[in-house]
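Mind docking chain B on chain A? Use the hints.
There are 2 protein chains.
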Amino acid sequence: MDRVGIPHMTPDEFRKRGRQVIDWIAAYMERVEDYPVLSQVEPGDVRAALAEHPPATGQDFDLVMADLDGVVMPGITHWQSPGFHAFFNANASGPAILGDLVSSGLGVQGMLWATSPACTELETHVMDWLAEMLDLPETFSSSGPGGGVIQDSASSATLTAVIAAREKATGGTTNHTGNLGNLIAYTSAEAHSSIEKAIRVAGIGADNLRSIEVDEAFAMRPAALEEAIRKDLAAGRRPFFVCATVGTTSSTAIDPVRDIGEICRRYGLWLHVDAALAGTAALLPGMRWIHDGLELSDSYVFNPHKWMLTNFDCSAFFVADRAALISALSVLPEYLRNKASASGTVIDYRDWQIPLGRRFRALKLWFVIRHYGVEGLQAFVEEHLRLTRLFASWVENADNFELAAPAPVNLVCFRHPGGDAVNRRILDNLNASGDVYLSHTRLDGKLTLRLAIGQTHTAERHVRRAWELIQAAATA
Amino acid sequence: MDRVGIPHMTPDEFRKRGRQVIDWIAAYMERVEDYPVLSQVEPGDVRAALAEHPPATGQDFDLVMADLDGVVMPGITHWQSPGFHAFFNANASGPAILGDLVSSGLGVQGMLWATSPACTELETHVMDWLAEMLDLPETFSSSGPGGGVIQDSASSATLTAVIAAREKATGGTTNHTGNLGNLIAYTSAEAHSSIEKAIRVAGIGADNLRSIEVDEAFAMRPAALEEAIRKDLAAGRRPFFVCATVGTTSSTAIDPVRDIGEICRRYGLWLHVDAALAGTAALLPGMRWIHDGLELSDSYVFNPHKWMLTNFDCSAFFVADRAALISALSVLPEYLRNKASASGTVIDYRDWQIPLGRRFRALKLWFVIRHYGVEGLQAFVEEHLRLTRLFASWVENADNFELAAPAPVNLVCFRHPGGDAVNRRILDNLNASGDVYLSHTRLDGKLTLRLAIGQTHTAERHVRRAWELIQAAATA
Numbered sequence: 000m001d002r003v004g005i006p007h008m009t010p011d012e013f014r015k016r017g018r019q020v021i022d023w024i025a026a027y028m029e030r031v032e033d034y035p036v037l038s039q040v041e042p043g044d045v046r047a048a049l050a051e052h053p054p055a056t057g058q059d060f061d062l063v064m065a066d067l068d069g070v071v072m073p074g075i076t077h078w079q080s081p082g083f084h085a086f087f088n089a090n091a092s093g094p095a096i097l098g099d100l101v102s103s104g105l106g107v108q109g110m111l112w113a114t115s116p117a118c119t120e121l122e123t124h125v126m127d128w129l130a131e132m133l134d135l136p137e138t139f140s141s142s143g144p145g146g147g148v149i150q151d152s153a154s155s156a157t158l159t160a161v162i163a164a165r166e167k168a169t170g171g172t173t174n175h176t177g178n179l180g181n182l183i184a185y186t187s188a189e190a191h192s193s194i195e196k197a198i199r200v201a202g203i204g205a206d207n208l209r210s211i212e213v214d215e216a217f218a219m220r221p222a223a224l225e226e227a228i229r230k231d232l233a234a235g236r237r238p239f240f241v242c243a244t245v246g247t248t249s250s251t252a253i254d255p256v257r258d259i260g261e262i263c264r265r266y267g268l269w270l271h272v273d274a275a276l277a278g279t280a281a282l283l284p285g286m287r288w289i290h291d292g293l294e295l296s297d298s299y300v301f302n303p304h305k306w307m308l309t310n311f312d313c314s315a316f317f318v319a320d321r322a323a324l325i326s327a328l329s330v331l332p333e334y335l336r337n338k339a340s341a342s343g344t345v346i347d348y349r350d351w352q353i354p355l356g357r358r359f360r361a362l363k364l365w366f367v368i369r370h371y372g373v374e375g376l377q378a379f380v381e382e383h384l385r386l387t388r389l390f391a392s393w394v395e396n397a398d399n400f401e402l403a404a405p406a407p408v409n410l411v412c413f414r415h416p417g418g419d420a421v422n423r424r425i426l427d428n429l430n431a432s433g434d435v436y437l438s439h440t441r442l443d444g445k446l447t448l449r450l451a452i453g454q455t456h457t458a459e460r461h462v463r464r465a466w467e468l469i470q471a472a473a474t475a
Numbered sequence: 000m001d002r003v004g005i006p007h008m009t010p011d012e013f014r015k016r017g018r019q020v021i022d023w024i025a026a027y028m029e030r031v032e033d034y035p036v037l038s039q040v041e042p043g044d045v046r047a048a049l050a051e052h053p054p055a056t057g058q059d060f061d062l063v064m065a066d067l068d069g070v071v072m073p074g075i076t077h078w079q080s081p082g083f084h085a086f087f088n089a090n091a092s093g094p095a096i097l098g099d100l101v102s103s104g105l106g107v108q109g110m111l112w113a114t115s116p117a118c119t120e121l122e123t124h125v126m127d128w129l130a131e132m133l134d135l136p137e138t139f140s141s142s143g144p145g146g147g148v149i150q151d152s153a154s155s156a157t158l159t160a161v162i163a164a165r166e167k168a169t170g171g172t173t174n175h176t177g178n179l180g181n182l183i184a185y186t187s188a189e190a191h192s193s194i195e196k197a198i199r200v201a202g203i204g205a206d207n208l209r210s211i212e213v214d215e216a217f218a219m220r221p222a223a224l225e226e227a228i229r230k231d232l233a234a235g236r237r238p239f240f241v242c243a244t245v246g247t248t249s250s251t252a253i254d255p256v257r258d259i260g261e262i263c264r265r266y267g268l269w270l271h272v273d274a275a276l277a278g279t280a281a282l283l284p285g286m287r288w289i290h291d292g293l294e295l296s297d298s299y300v301f302n303p304h305k306w307m308l309t310n311f312d313c314s315a316f317f318v319a320d321r322a323a324l325i326s327a328l329s330v331l332p333e334y335l336r337n338k339a340s341a342s343g344t345v346i347d348y349r350d351w352q353i354p355l356g357r358r359f360r361a362l363k364l365w366f367v368i369r370h371y372g373v374e375g376l377q378a379f380v381e382e383h384l385r386l387t388r389l390f391a392s393w394v395e396n397a398d399n400f401e402l403a404a405p406a407p408v409n410l411v412c413f414r415h416p417g418g419d420a421v422n423r424r425i426l427d428n429l430n431a432s433g434d435v436y437l438s439h440t441r442l443d444g445k446l447t448l449r450l451a452i453g454q455t456h457t458a459e460r461h462v463r464r465a466w467e468l469i470q471a472a473a474t475a
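From first to last, the protein sequence lines stand for chains A and B.
Using numbering that gives the first Met the number 0, read the first sequence as starting at 0 and increasing by one per residue.
Using numbering that gives the first Met the number 0, read the second sequence as starting at 0 and increasing by one per residue.
Calculated directly from the structure, the hints in this document are not laboratory data.
A few of these clues could be false.
If chains are identical, the list can't say which one is meant, so a pair holds when it fits in one copy or spans any two.
Below, in silico cross-link-like pairs of lysine to aspartate or glutamate (DMTMM-like), each with a Cα-Cα straight-line distance of 20 Å or less [as the list claims (entries may be wrong)]:
no., residue 1, residue 2
1, K230, E137
2, K338, D434
3, K15, E225
4, K230, E212
5, K338, D320
6, K445, E212
7, K230, D427
Note that this is a predicted model, so its numbers are computed, not measured.
The shape of chain A in the complex, shown without the other chains (with noise of 0.2 Å):
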């Protein structure tokens, strides 16, 4: 301690404080199982156990744990149980954490090159090393006029790309003008919520979303796309922006990708692919159909935090032209100036997100790829998709559930023949049992159960285990 009165934590507390919340950790990941996967308290639980004022003086390290304990472990829904199957699964990995750990501890600030060089760089160098596993199209490489950015989420990666394909559609007028309420975005009606909320916040409004309708297996129609664009054209507006989906949330079905390209480029719309979980399935050659196009997309984004073992927030964002994204974003007050950023050979990550600051997270992800390798990841991917036909085939061959939609990667769509309720009730006991976390979608306006195959240590007996607490569900 520099000074008296203020009770900084010492180098050695820290030592002794972090072993301590590392075994605790340690541990966390070697009891799981043993928590219910749906956090069972009601509302008001957490918040009725906690110390209604703050201390005045500062509280032994000891207690705190004591109450995260009690207090914050009923609260928790174990997204990290190998029982967890609801959503999407957004798994972490040891590697993961101890990376984000080294970013915790160095806490810098990447908004420019020079606020800490390696912090950009290694973001840059991790984003190429993606794109060649996945082996994405060589316009996503830092190499020539694109590149990769990590940003918190796909949520957020797509807003940027809404802005930025809004800026160069408008021949970078809407920035100073704001938006003049004739542009015109895309998606299906099967894409995610976040495609709508970003084109809410860039204020082009949701009645300018037009929603593509989907073929029988729920993946985007192009003919009723381009025809969707021809009738807007036809009345004076501005088709400017197409949202195509890699496994949409519901059911993962993937939209065609060099189809919707084909029609982006003929006239002239910003396609932007949103495979925020099944881009990850790409690191298996046998899987890079899915991707099928992608040359022809203008911006690309898919989570590492959902189901390539780096936790959250790493969203991996690819845009083919970095500067039609920086000049959108780049606003440049003298505060920030500096000869670097002024000579143009380093890139400031600042102005390809929305915030002005940024963590470190390309550690955690550079972690990870060391720790397993491409081929370790790769097992890692195959062994869900097996694990997922498997489960799929279980479904088609039981007489009391029918798959509700096609599963190409590692989530399945099921539901009992007996109508919504049933499904409800067949739900509802499942995530009360506390032994299996699934949740529901609708798709062909029925009631839907899903199963997502994607936690760290989910493996074979735990599928099976859930299918035998579904079968005991829908025969009680």
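Okay, now just chain B, sitting in the frame of chain A:
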């Protein structure tokens, strides 16, 4: 390992490697002053030392740690050094790092209350604690119609405020129709670049952001604001949003929030107050004058990740009417519907921000507040204010330097009377020395040096040393 061929880190390996990383950080804390504060690498140096391709198979953890030392560390600008006086500080602390580590270990996703009730409830709780600690107006407490949320940055919080204000001003129509071009926003000529960025992103357009003149202390002139509003109204435009700054980035100027707030009430404008850096000063009763009139504001942001020992990212955003926020940002797809949300008794923070996903960031803030206690945090801030006054007094009494602005918080703006070239040379020499890192701004058109005092371990000896170096550079 559950599966052959997937090299997961076992809990035991995690214990071992976790200790290694904890020890590495503790050693970094001990030797941080030995590094040049501003990284001395040239563009491309870091990338040139990294492996060109990702490894096919997993590598030993020691190899990664060796590259961390050998390749990454030379490219780090040491924000945690006591000699870091550039921009604004982004201080961290042991308890914050460990709270964040717990968050990484749990790996939960707090988008909905149900997806981890503790993530939401602890956040609401510590935000109420913060409101109490800073004596913020009752309007921002979760017990009424308002409340707080943690965002990644003040930039994102300001964008969120703009979106909510836009929606409210247009009676909930912009979400549907898009911005129609006549909304006008106001901020001072000294406001942060994130205001313009938010106005651009929201489709309002920078031409519709009025830059209001400042007084001799660089604070917004309320009379000029009112005049600008009247002029726009007379021209048939729709004034909707004002951003006042409590502690500008250039010089920590404090806009007169009460006067501005009264004008906003009179004309029905949303008042957002950006106190990103300075807000923390209100921990001290003697500094609460900076928030005078805050009860007239609709939203407020300050960053515990700047000056409250909580590592980035942790930006505290408060609104007086959460309904306005939620109606602007909520999009509810089937796959996110759940009983708790439908009951209306819980908060779903996804509707309080742009992204959908969210980390458990409340943990680090909770760890910090409990470890230091309110009095520990007050002592911390008070010492920095004392050091700032001390440094300002040296400048005032020096023959060869002058104060360029008042120093009400923890930043001193000063310059050599010799003109821009001399000040530029002094700055470059200081930063090349590696002993300290200062940044600059422009005030009254003149290049001005900025010395911010807010790092975790910045003590009187560091500030004295900085002054000696500045004097040496000036007389060189």
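Against the structure, the hints come out as follows:
{"no.": "1", "hint": "K230 to E137", "in the structure": "neither (34 Å within a copy, 52 Å between copies)"}
{"no.": "2", "hint": "K338 to D434", "in the structure": "between (57 Å within a copy, 19 Å between copies)"}
{"no.": "3", "hint": "K15 to E225", "in the structure": "neither (63 Å within a copy, 57 Å between copies)"}
{"no.": "4", "hint": "K230 to E212", "in the structure": "within (15 Å within a copy, 47 Å between copies)"}
{"no.": "5", "hint": "K338 to D320", "in the structure": "neither (24 Å within a copy, 44 Å between copies)"}
{"no.": "6", "hint": "K445 to E212", "in the structure": "within (17 Å within a copy, 59 Å between copies)"}
{"no.": "7", "hint": "K230 to D427", "in the structure": "neither (44 Å within a copy, 59 Å between copies)"}
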